Amino acid sequence: MSDEAPSDRKQVGSDLIIPVLGIAYAIYYVYSVWEFPAEAQRSGFFLAGLLFLLCALFFLRTLLLALRGKAELEFLALLGPPEGRWRRLGFVALIGAYLLTVQTLGFTVSTFSFLFLGSMLGGLKSARRAATFAAIAALAGWLFFIVLLGTRFPLGPFEALMAQVMLLWT
Amino acid sequence: MDMSIAGLAELFFYSASMWWVIIPAVVVGILMGAIPGFAAHNTIIMLLPLTLAVDVNIALTFMVALYCASHLGGGIPAILLNIPGTGGAAATTLDGYPMSQQGKASKALALSFVASIMAGLITSGVTLFLLQYLSQVGFYIRSVEMVVVMLFGLALIAAIAAQDMLKGLIAGALGLMLGAMGADHIYATPRGTFGILELFDGVPLVPALIGLFAISEALIMLEKRTIAPEASARAMPTWGETLREILGAFKHWFMMLWSSLLGLIIGVMPGAGASIAAFVAYQQARTYSRTPEKFGTGHEQGVIAPEAANNGVTTGTLVPLLAIGVPGGSTAAVMMVVLQFHGVPFGPRLFVQDPILAYGVIMSMFVAYIFMLVTLFPLTRYLSRITVVANYYMAPMIVAFTLVGAFVPRNFMADLTIAVAFGIIGYIARKTGYNVAAILIGVILGPLLERSFLLSMRISGGDPMIFFSSTIGNILWALLAITLLASPSISLLRKMRRKGDIY
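So the protein sequences, as listed, match chains A and B.
For reference, each letter of the first sequence is one residue, going 1 to 170 in the working numbering.
For reference, each letter of the second sequence is one residue, going 1001 to 1503 in the working numbering.
If you are wondering where the hints come from, they were derived from the structure by calculation, not from laboratory data.
No false leads were slipped in.
Quick list of simulated restraints, FRET-style, between CB atoms:
#: 1; chain 1: B; residue 1: 1471; chain 2: A; residue 2: 59; range: 40 to 48 Å
#: 2; chain 1: A; residue 1: 99; chain 2: B; residue 2: 1055; range: 37 to 45 Å
#: 3; chain 1: A; residue 1: 49; chain 2: B; residue 2: 1482; range: 23 to 31 Å
Simulated coverage check for chain A against chain B, where a stretch passes if three residues somewhere in it have a Cβ under 8 Å from a Cβ of chain B:
#: 4; segment: 14–28
#: 5; segment: 51–58
#: 6; segment: 77–84
No experiment lies behind these values; they were computed from the predicted model shown.
Don't be surprised by glycine CBs; every beta carbon is placed ideally from N, CA and C.
Make a model of the complete structure from these sequences and hints.
Okay, structure coming up:
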């Protein structure tokens, strides 16, 4: 259901995304089992058929609403309230950047950068407060996840430096 | 082997003398349970060097206490941030989070903690006396009965998404479709994986959970300054108010008792687990409630039922492990590895060779829950403050730290991308009214249902009548039909009564 309703008509555009994605995946799934023996196809065909049926019912319902003039194709509601919309889209892009750089920068540096930029994009005005928050959280995360729990998250320049410091100390 | 009262009392004091093991395990368990991805079995795996090195009794007490505490911890982020710490806490978000949004976070936490602890005490107490009988349940649940149990889960999908049943069913079916991804159960050939090697084992549950709940929630969080209205949640509850909230939770004693026993029975069935138990309990609570329309809007019983059930499961999953050597869940499986390392036998031999150890496992659980009572006051009072922390701090922190949780179970970098992909699906689903919990149930049930279904069909040589061939299965079918029909029938009767058509 859409958040923004400037008119009485129901905004159904974004409601169609999940069924369309579902049908697209179901078609791909059926294609991937097409060459399988019948026994192995059974469950895939059943699940894809179920999803097709439900989505068809949903499309029919939407079509009937549209024919009665009670629905309109609108996608903007998906992006939430207009205020701060670009900042939120920037945050999504930042998550993508984090995925691309985490293997090179390692846990601490990438987490610091992500938290710093993420809090600024989220609406924090003071860069100093953002840097302090990011530094404390990234260091606490390093201590907890990497040092104490020994998770095998990618290590980067900071972790390498700390390993050298520890080596010298011991 | 039967245990006398004197023997149980002796066992109780022995377990209580392990306080120095239980207290740190409870602290670690609550902390790790509250971080999505760091479920009890992951934590136990990470601490294997410790549990393998110490005496078997110490290792067992530590693992059991950590396991129970992690289920209690899983409800904390579910209530405060709409992010279940464990799969079993997914149902808690349905009413726990709306309570937090209304500024009633401390009350929701009190309900969750009291339900969890009481359920743990009830089920471990009951199990101590009924262990020898409960251990038989696992023998009667075969693939045929498992299919019906799974269908219970599927029926819940429609019930959970009551605002728009069709959207709820689409969400559930999409989850099932995604859950069927990976190598097929007969020929081990990959299906629907886009050629991605990391998906050959199927959709990894932890990244899916983190994406659907944590990342999507973080994206939505940025639309508001804080989770709860600042004015309503600014004042911290006094100790007196905290005590009243805790005592107030006890008025739901019957719901706690019923849901915890339901959790215990579902936990005894190998493979069922806390997620299914919590949703079954939630749906049962709503079906038989006098005010079913309040569920999903921040209703107290909507927090009590899933939390009591998922803690009831903790006891149940250990029963088949002890009695027949079949672990009832992933944590029980990890425990089994540790116990095998220590040379502990399972099944009937355990009850003959080392009965004290068999009953000691459940008694350790009972004692751990008693120790958890101590944590009730400070946790309830202080944790609710999280809901007034600005979202520009919370959202980036949730994404950064839960992505570590997505990585931990398999150590694949691809799991981070999978979590983000599910995050985007979850975001679209939330914004358009498709229930993310329904998608998650589908993903969880998909492979389990497929495995049991194919196994039954193989046994019967392709005859579907096998699903109606067992007495227990038929009883479960009847219960399923009643469950499906009860909710709409009761609603219809209430509607008719309101209109004055019936009296």
